[in-house]
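Listed here are the chains, written in short residue letters.
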Amino acid sequence: MKTNKIKKVLIALDYDETSQKVAKAGLSLAKTLNAEIILLHVISEQPVYYSAYSYMVEYKVEFVEDLKISIQKFLEKAKNHMGDESIKTILKEGEVAETILKTAKELNVDVIVMGSHSRKWLDDIVMGSAAKDVLKKTTVPLFIVPTKKQVE
Amino acid sequence: MKNRKIDKILIALDFDPSSVKVAEAGFNLAKAMDAKVVLLHVKIQLVNYSLTYKKLGALNLESIEDLEVAAQNFIENSKNNLDESLIRTIVKEGDFAVSILDAAKEMKVDVIVIGSHSTRWVEEIVQGRVTNRVLQQSKIPLLIIPTSKNDKTNTFISQVNELPISKI
Numbered sequence: 000m001k002t003n004k005i006k007k008v009l010i011a012l013d014y015d016e017t018s019q020k021v022a023k024a025g026l027s028l029a030k031t032l033n034a035e036i037i038l039l040h041v042i043s044e045q046p047v048y049y050s051a052y053s054y055m056v057e058y059k060v061e062f063v064e065d066l067k068i069s070i071q072k073f074l075e076k077a078k079n080h081m082g083d084e085s086i087k088t089i090l091k092e093g094e095v096a097e098t099i100l101k102t103a104k105e106l107n108v109d110v111i112v113m114g115s116h117s118r119k120w121l122d123d124i125v126m127g128s129a130a131k132d133v134l135k136k137t138t139v140p141l142f143i144v145p146t147k148k149q150v151e
Numbered sequence: 000m001k002n003r004k005i006d007k008i009l010i011a012l013d014f015d016p017s018s019v020k021v022a023e024a025g026f027n028l029a030k031a032m033d034a035k036v037v038l039l040h041v042k043i044q045l046v047n048y049s050l051t052y053k054k055l056g057a058l059n060l061e062s063i064e065d066l067e068v069a070a071q072n073f074i075e076n077s078k079n080n081l082d083e084s085l086i087r088t089i090v091k092e093g094d095f096a097v098s099i100l101d102a103a104k105e106m107k108v109d110v111i112v113i114g115s116h117s118t119r120w121v122e123e124i125v126q127g128r129v130t131n132r133v134l135q136q137s138k139i140p141l142l143i144i145p146t147s148k149n150d151k152t153n154t155f156i157s158q159v160n161e162l163p164i165s166k167i
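Line by line, the protein sequences give chains X and U. Here the first sequence is numbered in numbering that gives the first Met the number 0, starting from 0 and rising by one per residue. Here the second sequence is numbered in numbering that gives the first Met the number 0, starting from 0 and rising by one per residue.
Since the hints were derived computationally from the structure, they do not count as laboratory data. Hints are supplied without guarantee of correctness; some may be wrong.
[What the hints assert, rightly or not] Heads up, simulated PhoX-like pairs for lysine-lysine below, C-alpha to C-alpha not over 25 Å straight-line: (1) 35(U) / 30(X); (2) 23(X) / 6(X); (3) 78(X) / 23(X); (4) 91(U) / 4(X).
The model shown is predicted, which means the values in this text are computed figures rather than measured ones.
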C-alpha cells in the first residue's frame, strides 16, 4: 500500500472564541505529522449588510477594511501563539465554504481543519443543501474539531 | 500552546465499497502519527443491508447471525487490506451515531475517521439530529474522508481497485 502523507494542513479559523480550539487541534495534527501549516480566515459575504448599508457605502468599505486589519492581526497573533514562523496566514473574502475549498485546491493542501460549529460554517460545508454538494465535490479530507458549546 | 497528541484513531466503516478508502486514509494517518487503530463496524438494520448487498450483487443474509459473521469478515478483511496486525476491531449494533460515539468513548480515541458517503453519519454525529445528548458530550474531532465517485485526484489516499467485499 502506498502511503501518501499529509504534508500541508489548511486551518480555517473563525474570528471568535472557537478559533483557539480549532487552532490547537490543527496545530497538534500538523506538528505530529510534521506538516506545513496555513491559517485561513474567510470574511463572509453578507448580502444583508449590503442592503442594510447600501445608503452608506463608504461606511461599509471602511468597516471591511477595519475588519481586514483586525483579522490580519488576529491571524498573526494566532501564528505567534503557535510559535512557528513558517506558518502562512491568508485572508480571503467570499462565500465561506466555497472559498475554503477553493483555497484548499489552490494550495494543494492534504487536509482542511475547521471547527464544527463556528458560526454557520458547518451548515455551509456539511449540512445545508449546498453542503452535501460541496462535500461531494471536495477531494480534500476534512478534519472537524468539535466546537459546539456545551449545554449543561 | 500545548500539543495534544493523537494516540488512538477510531475508523468507522460500513459495507460501502468506499470504506476501504476510508480505512486506508485512517490507517495512513495512524501510521504517520504512530497511533493505535480501532476499526469499528456498526451493524444497521437488516433492511438496509439487503439493499446494500443487492447493489453489490452479493449474498443473501438469512439471519442476524449471518449478518454478524459478515460484518466481522468485512472488518477482518479491511484489516488484512491494511496490512497491519496491531489493529483492534469492534462490531457494534444500533444507531450509527450513538454506536460510533460510544465506541469512541469506550476506547478513548482521539480522532474519529469516517467517509463522506456516510452523510447520515456525518449529519447525525455533527449535527446531532438524532443524538443531541451524545453529541454534546463528544469532544472528539472528526476526520471526514471524501469518498464520492467522481473523486479522481486524491493526494491523500491511494487508489483502491479491489474491494474486499467481493471476498466475503
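Here is what the structure says about each hint:
{"no.": "1", "hint": "35(U) / 30(X)", "verdict": "holds, 18 Å"}
{"no.": "2", "hint": "23(X) / 6(X)", "verdict": "holds, 18 Å"}
{"no.": "3", "hint": "78(X) / 23(X)", "verdict": "holds, 11 Å"}
{"no.": "4", "hint": "91(U) / 4(X)", "verdict": "violated, 30 Å"}
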